[in-house]
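Chemist: Turn these sequences into a full structure, and let the hints steer you where they fit.
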Amino acid sequence: MKNTLLGSIYLALAASIWGGMYVVVKVVVAVIPPLELVWIRYVIAILALFIIGLIKRQSWGINKRHIPLIVAIGVIGNAISIVTQEYGTMLSSAQMGAIITSSTPAFMVIFARLILKEKLNMKKGISVGLATIGVLLIVGNGHINMSSQLGGISLLMAALTWALMSILIKRVPSSYSPVVITTYSILVAILVLTPFVYKGLAEIHISKLTDPTIGGGLLYLGIVSTALAFILWNRGLQLLNASSGGLFFFFQPLVGTLLGWLLLGETIGGTFWIGSFLILIGVLLVIKEKTN
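In terms of full-length UniProt numbering, the sequence shown opens at residue 1 and continues consecutively.
One thing to keep in mind: the hints can contain errors.
Capping the alpha-carbon separation at 27 Å, the derived lysine-lysine pairs in DSS-like fashion look like this [as the list claims (entries may be wrong)]:
(1) K2 to K56
(2) K2 to K119
(3) K119 to K64
(4) K26 to K199
(5) K2 to K117
(6) K208 to K26
Cβ-Cβ distance ranges computed for the label pairs, FRET-style [unchecked claim]:
(7) V23 to V43: 18 to 26 Å
(8) L47 to L6: 24 to 32 Å
(9) L280 to H205: 40 to 48 Å
In short, the hints are calculated from the structure, not lab data. Even glycine gets a Cβ: it sits at the ideal position worked out from N, Cα and C.
Modeler: This is the structure in structure tokens:
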């Protein structure tokens with residue numbers, strides 16, 4: 001019961017943080033290209049994670065047989081998935097991004113069955129179905145420009161790789177701290193991305209980074225939506241099974257739409273509240289199933 005509630009809280013918080021990230025990415029990516037943006041936010045994140053690790057006196061040791069798994073998580077989730085997400089966000093609308101991103105939990109259910117051999121049941125299927133309908137109702141309020149095909153493909157790749165990464169995290173022994181796993185996987189991503197961003201970083205003027213809006217956005221992306229949210233997501237997945245944990249990803253478009261209404265004055269209709277209710281019902285079904 002305690003693990004289920006804690007895992008649910010961690011996953012919901014992580015997805016909610018990412019829900020508020022889209023507007024920040026939209027602003028920063030107009031100044032800093034997506035690939036370089038990911039690299040910079042990771043450098044900020046790994047510094048924050050290292051400080052957290054020192055304060056908590058983490059043990060940084062990793063068994064050799066788990067190193068390939070950590071590398072795979074870093075390459076698939078922290079490099080490929082996040083880069084394609086940034087490009088997709090730049091090339092498409094936020095509405096399209098919310099719809100395509102909502103496919104992540106469905107992919108997680110599939111990968112959980114194929115890789116972890118998790119059993120699928122009727123309640124789990126109903127939960128995913130209700131939450132998916134809820135997301136479609138939430139993001140269906142505006143006019144969606146489906147002409148940005150490259151952006152759509154990029155977002156689909158992001159959803160697919162993030163789902164696979166989330167399943168791989170379940171194969172990491174729970175004895176490892178989420179701080180340690182997150183730090184090493186981000187370090188792998190930095191090493192992978194560095195050869196591709198070397199020239200681009202040299203062309204970014206320091207004045208852009210010291211601009212309060214851009215600098216503040218980078219700190220938010222690095223510390224809050226990367227270091228903190230990744231730790232919460234990784235820990236939450238350790239406490240819940242992968243296919244159930246994926247449902248909490250639906251909080252991302254829910255929170256993103258709600259913040260757009262509260263902060264940016266975007267219009268939402270009655271379908272938003274209906275969709276939100278369906279998402280919450282889907283999540284509560286999972287929590288109830290795990291606590292029975």
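Chemist: Indicate, hint by hint, whether the structure satisfies it.
Modeler: Going through the hints against the structure:
1. K2 to K56: holds (22 Å)
2. K2 to K119: holds (22 Å)
3. K119 to K64: violated (30 Å)
4. K26 to K199: Holds, at about 23 Å.
5. K2 to K117: It holds: about 24 Å lies between the C-alpha atoms, which stays within 27 Å.
6. K208 to K26: holds (15 Å)
7. V23 to V43: 18 to 26 Å: holds (22 Å)
8. L47 to L6: 24 to 32 Å: Holds - the Cβ-Cβ distance for L47 and L6, about 27 Å, lies within 24 to 32 Å.
9. L280 to H205: 40 to 48 Å: holds (45 Å)
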